[in-house]
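Protein chains in written order, with my numbering: chain L, 1 to 374; chain U, 375 to 871.
Don't read these hints as lab results, they were simulated from the structure.
Given the structure is predicted, the values throughout are model-derived calculations rather than measurements.
The reader is advised that the hints may include incorrect statements.
Said to hold, decoys possible - To give an idea of the interface, some chain L residues facing chain U are shown, with a C-beta separation under 7 Å as derived from the structure:
(1) G42
(2) A152
(3) L199
(4) Y201
(5) D204
(6) V213
(7) R215
(8) L217
Built from N, CA and C at the ideal position, the CB exists for glycine as well.
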Amino acid sequence: MPPTTLPTELEPSLRLPQQAPPSSGISRPLHVALLLALFCGGLFGTASVIDRLLPFPPVPTVKGKLDWFSRHGDEYDTLFIGSSRTFCHIIPQIFDRCMAQAGMPTHSFNLGINGMRSPEDTYLLEKALAGRKAPLKLVVVEANALRIEADANSLGTLRGVYWHDFQRFTHICRGILEEHAGKHGAFTPKAILATLGALRYNLDTTVNKSLNVGRGLEWLEARLVKQEPTPLQDIGKYNDGYVMYDTPVSKISEGEWSLLQAKLQKVLQKPTLPDYATRASQYELQAKRRLIESFGGQMITFAPPVAAKNVFLPDPSVHPALANLNFADPLLYPELFEKQNRFDSGHINQQGAEIFTRLLAGRIAPLRKNPSQR
Amino acid sequence: MLFVESRFFYFFLIVFSVYWSLSGNAARKAWLLGCSYFFYAAFFLGTGVMDGKPLPPGWWFPFMLLASTCMDYVVGLRLEDSPQERTRKLWMTASVCVNIGVLLYFKYMGFFLDSALAFASWIGLPASPHTLKIILPVGISFYTFQSMSYTIEVYRRHRPAERNFLNLATFIAFFPQLVAGPIVRAVSFLPQLAQKRQWADIDVRGALVLFMVGFVKKACVSDSIAPFVDSYFAAPTAYTALSAWIAAPLYAIQIYCDFSGYTDMAIACARLLGYDLTKNFDFPYFSRNVTEFWQRWHISLSTWLRDYLYISLGGNRGSKAFVYRNLLLTMFLGGLWHGSRWTFAAWGALHGLALIGHREWTARTQAWNKAKESTAWRVAATVLTFYFVSACLIFFRAADLSKPMSGEDFARAIHITRAFSGLGFLSETGGLKELDLRLFAVIAGLAFVHWLNFKRVFSTWWRSCPEPLFATAYGCMTAVILLFIPAKYAPFIYFQF
Chain L
1 MPPTTLPTEL EPSLRLPQQA PPSSGISRPL HVALLLALFC GGLFGTASVI DRLLPFPPVP
61 TVKGKLDWFS RHGDEYDTLF IGSSRTFCHI IPQIFDRCMA QAGMPTHSFN LGINGMRSPE
121 DTYLLEKALA GRKAPLKLVV VEANALRIEA DANSLGTLRG VYWHDFQRFT HICRGILEEH
181 AGKHGAFTPK AILATLGALR YNLDTTVNKS LNVGRGLEWL EARLVKQEPT PLQDIGKYND
241 GYVMYDTPVS KISEGEWSLL QAKLQKVLQK PTLPDYATRA SQYELQAKRR LIESFGGQMI
301 TFAPPVAAKN VFLPDPSVHP ALANLNFADP LLYPELFEKQ NRFDSGHINQ QGAEIFTRLL
361 AGRIAPLRKN PSQR
Chain U
375 MLFVESRFFY FFLIVFSVYW SLSGNAARKA WLLGCSYFFY AAFFLGTGVM DGKPLPPGWW
435 FPFMLLASTC MDYVVGLRLE DSPQERTRKL WMTASVCVNI GVLLYFKYMG FFLDSALAFA
495 SWIGLPASPH TLKIILPVGI SFYTFQSMSY TIEVYRRHRP AERNFLNLAT FIAFFPQLVA
555 GPIVRAVSFL PQLAQKRQWA DIDVRGALVL FMVGFVKKAC VSDSIAPFVD SYFAAPTAYT
615 ALSAWIAAPL YAIQIYCDFS GYTDMAIACA RLLGYDLTKN FDFPYFSRNV TEFWQRWHIS
675 LSTWLRDYLY ISLGGNRGSK AFVYRNLLLT MFLGGLWHGS RWTFAAWGAL HGLALIGHRE
735 WTARTQAWNK AKESTAWRVA ATVLTFYFVS ACLIFFRAAD LSKPMSGEDF ARAIHITRAF
795 SGLGFLSETG GLKELDLRLF AVIAGLAFVH WLNFKRVFST WWRSCPEPLF ATAYGCMTAV
855 ILLFIPAKYA PFIYFQF
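Okay, chain L solo, but in the shape it has when bound (with noise of 0.2 Å):
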């Protein structure tokens, strides 16, 4: 009969049991929670000196305008931050022209990316921060509930991967139980299962993040192969973050413009309710509030002109005084919502956007001559 040790390739076939316990008068079970919490200080205590030696990653448009931000971000008192409605919908040029007229002169920058939403978009204004030594006038904010789910589009990019540090790992995971606990049948085998699904890629991301997956390699690539210089697309034309999108007026496909009339049948028949989702939302909202004001800036939010049966809003119980825009009534804004103003059914065109950002700047002005306003 062959032996039943077998060595294999790497090892010689002296194989050693493992050493006996110290004889300290510690327990086994101690000793072995004891190795594992040494593995894991060597192993997150290694993770996190990598982290600071490597630079930001090349995330698509993030990395241009983070870059760009962390040059010039002293030279801009405003920001703009959220999503593509915040990305094609605000232009800073305009912005700053009317708060110029209305006596309160600003020099504004957008910081949208397209489908950012909480927290990413908080983890990007902690980045876009850090290190910023002039004051803060004013931040305007998309609002938006917090995403516990995956982004599709995102899944397994870096784009997923780059903000989900432990901060972001915790507000998630509250997001996900509280709806989990929200959930009619929550305790069904499938909402379970889904929760733990849910659990499961939130701790992924956040141990891929933490231990840096993939960046050394990402790191060699941009050694080896030869490097554009910074794409200065993601800045725009005038250095303010905004890029207009292909034509000055993208006319809407008349697909498009049947699902944002059906949409907005359904809103007329039905007023938009206030969502005020999860509690871990609006808690993540009074984070981007905090970090805000400690760099003496009034963060204000909006809701952008979409036609939905439900709107983030910010609550009024977690921030009694945080000023709000709701551009998503069609009654009170129905430029935003014509044919020639729109791209599709959930963007407005650069036409749009100019009357979005005056009507924006318009309603700012007063907020800032009186911030007890609301």
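Let chain L serve as the given structure and place chain U on it in line with the hints.
Then chain U, alone, in the frame of chain L:
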């Protein structure tokens, strides 16, 4: 569920913790068996269950594994209990036929139909393309061979029949080696199952280091090389002849790192649970001839083929022609074991011819034995063997498994072989693109590290350092390794076989 995925890490953590917290051997084996079936089912269920989607058609494959185990259990008992040799032979034949039949149906039905249709159309008979679509259950070739080894061993009276069903089922379904080997022999594994494993006997450090090495081979080396190899083999005619000199050795490195990396991780996982699996690789690319290569490459398959096929065919007994026929047939069938493509068969046949050639060469050059021991000869022989193995692997890789079998596979293989042999340089046409020449440096670097490992440079220091230092260093090394893994893992190459 791949070994390099985080979900395997969670899975193994649960398996490991529960396994060692159970006190009875039967309870541990039952737990392992349940986990092994879950592991196998995970390949077919995917995330479909969580999304509430209907299950994919392969949901019943784990039941097929169970049915195969039941059959082998019954056959094993009958083989032992039957006094008459004739009855034993009948049971044995029935078992082999069923096992091979299942393998033939799932793996080769499409191949036979394709080949028959191609032949029919070649001789001018009317033939219409068939629409038979059969899903290949992951790991079927591995566990079929493993269960066959059990019945053959019982038949040959090398071991008694296993009367404990739990033992036999755990042996066949043991998850670390279920889907891509190594093909474990009943004679070495079943005795391990009979005894309760003791935590104190486990070489934890060895297992952890082995897992890390396997992980590096698979996730850092193989998966990083894969995009270059894939782009070349997808359209070799778009590349220059020089690119073949990069792509062919790179593929040899990729497949070695992929498969031996998987094996290392499988052996390490098994070892952490107290079981030893069969050695599968022994630095094959440092072989000095093709015979030695087959003693070092996929050892569990090559020894299986030797013991159960080559010897059954007659082995070395008989005339030279008879022995060479056996050798060629064994290697040809060994090639086909990898998949239902003529390119796999060609790969096996080339190795068979090379083994015959080497036997002849050895017999005729005995006078040179002293010269063969010189360093220059050894280096030249090693390089030549690696070159030959890489050239044969072109046929292995040329098959586009995502498409039905066609003459394109061979055309691709021949084009690359021409370029790799140097003929392509003389008549280079078409190809304009060049694979990055810096990959030569990568090949050299990997070869150097591998050589250092061959010389056991890394093998001992970590065994003698204090446990706290080992644990911390292991954590630090893990952090460094994770830096160099690509964002997405490629499935293990040998899963498809």
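Practice task
State the violated hints by number, sorted upward, taking the hints as numbered earlier in the document.
Solution key: 2, 3 and 4
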